[in-house]
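Protein chains in written order, with the working numbering: chain S, 3 to 151; chain X, 3 to 151.
Keep in mind that the hints were calculated from the coordinates and are not lab data. All of these numbers come straight from a predicted model, not from anything done at the bench. Please note that the accuracy of each hint is not assured.
One copy or two, it doesn't matter: identical chains are merged, so the pair holds either way.
[Stated by the list, open to error] Cut-off 25 Å, straight-line C-alpha distance, at most; resulting in silico cross-link-like pairs (DSS-like, lysine-lysine):
id, residue 1, residue 2
1, 5, 97
2, 37, 97
3, 151, 97
4, 97, 4
Take a look at the letters that make up each chain.
There are 2 protein chains.
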Amino acid sequence: MKKADLSKVTPSKGASYPEPHNQAAKGRTTWPLTKMFGLAQFGVNRVELAPGSWSTQRHWHRHNDEAVIVISGELVLVTDDGEEVLGPGDCVGFKAGEQNAHHLQNRSDRVAVYFDVGGRDPYDVSTFPDIGLEARVRMELQFRPIDKK
Amino acid sequence: MKKADLSKVTPSKGASYPEPHNQAAKGRTTWPLTKMFGLAQFGVNRVELAPGSWSTQRHWHRHNDEAVIVISGELVLVTDDGEEVLGPGDCVGFKAGEQNAHHLQNRSDRVAVYFDVGGRDPYDVSTFPDIGLEARVRMELQFRPIDKK
């Protein structure tokens, strides 16, 4: 089977913001598909957003392009430009470096499903203007005995 | 409006294979969204596939990752491994360099909609084993008077 088998991916719940900023995204479940497909040029996540939940804190990426493709449900996209409702088949793209913070809110009473596609620059910085924080990925080498297989 | 406004994109019909190989993809309509969003790290196309049409000739990419996300309808994914039915919310990824040619066939009686995401290496080579062809992008500089705006 070539298509993503979600039963073979361990989903992650919520985001990893310091409290109390984590609360808003508690209803997010993410299935990371990038590694399963062996992709290296962009990443693909399937996301389910429970009623009342936000996708993330509002943010923009310094070095990574991003795109969102909605499968089902209704989501409110919030940017500096205002609000916009997204439904099945809608697509939004966010160019790296464009300082217009965005996120999605599920204000409806049913789960929404979307895919998030993102660039892979490990030196990306995410800026979260509403909570006055920015973040980068911390990388560290994890050693193990040589795998002889 | 941040989301893709399809009325502002000129869709392209079919593919650009030499005849007779072009016939199979005649029912494909593609809305290129990459430029509209200013993305540079990956490309995004919205595609509608009419009943009876193929997405492409079966192919694999030497240097570009690819992913397909299905919005609506039913598509048959054909690879060297066999056939598989894709429906709304399904996602498939194709790693650059993996020599397993793939395409989508709409064998149903209604239009199917999907998004195609792809890497941006301009030196990519697409190989089409069923028709014994391979293709690369031809690039040429097109000159115009300097735009002073």
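Q | Violated hints, by number in ascending order, as checked against the structure | A | The structure breaks none of the hints.
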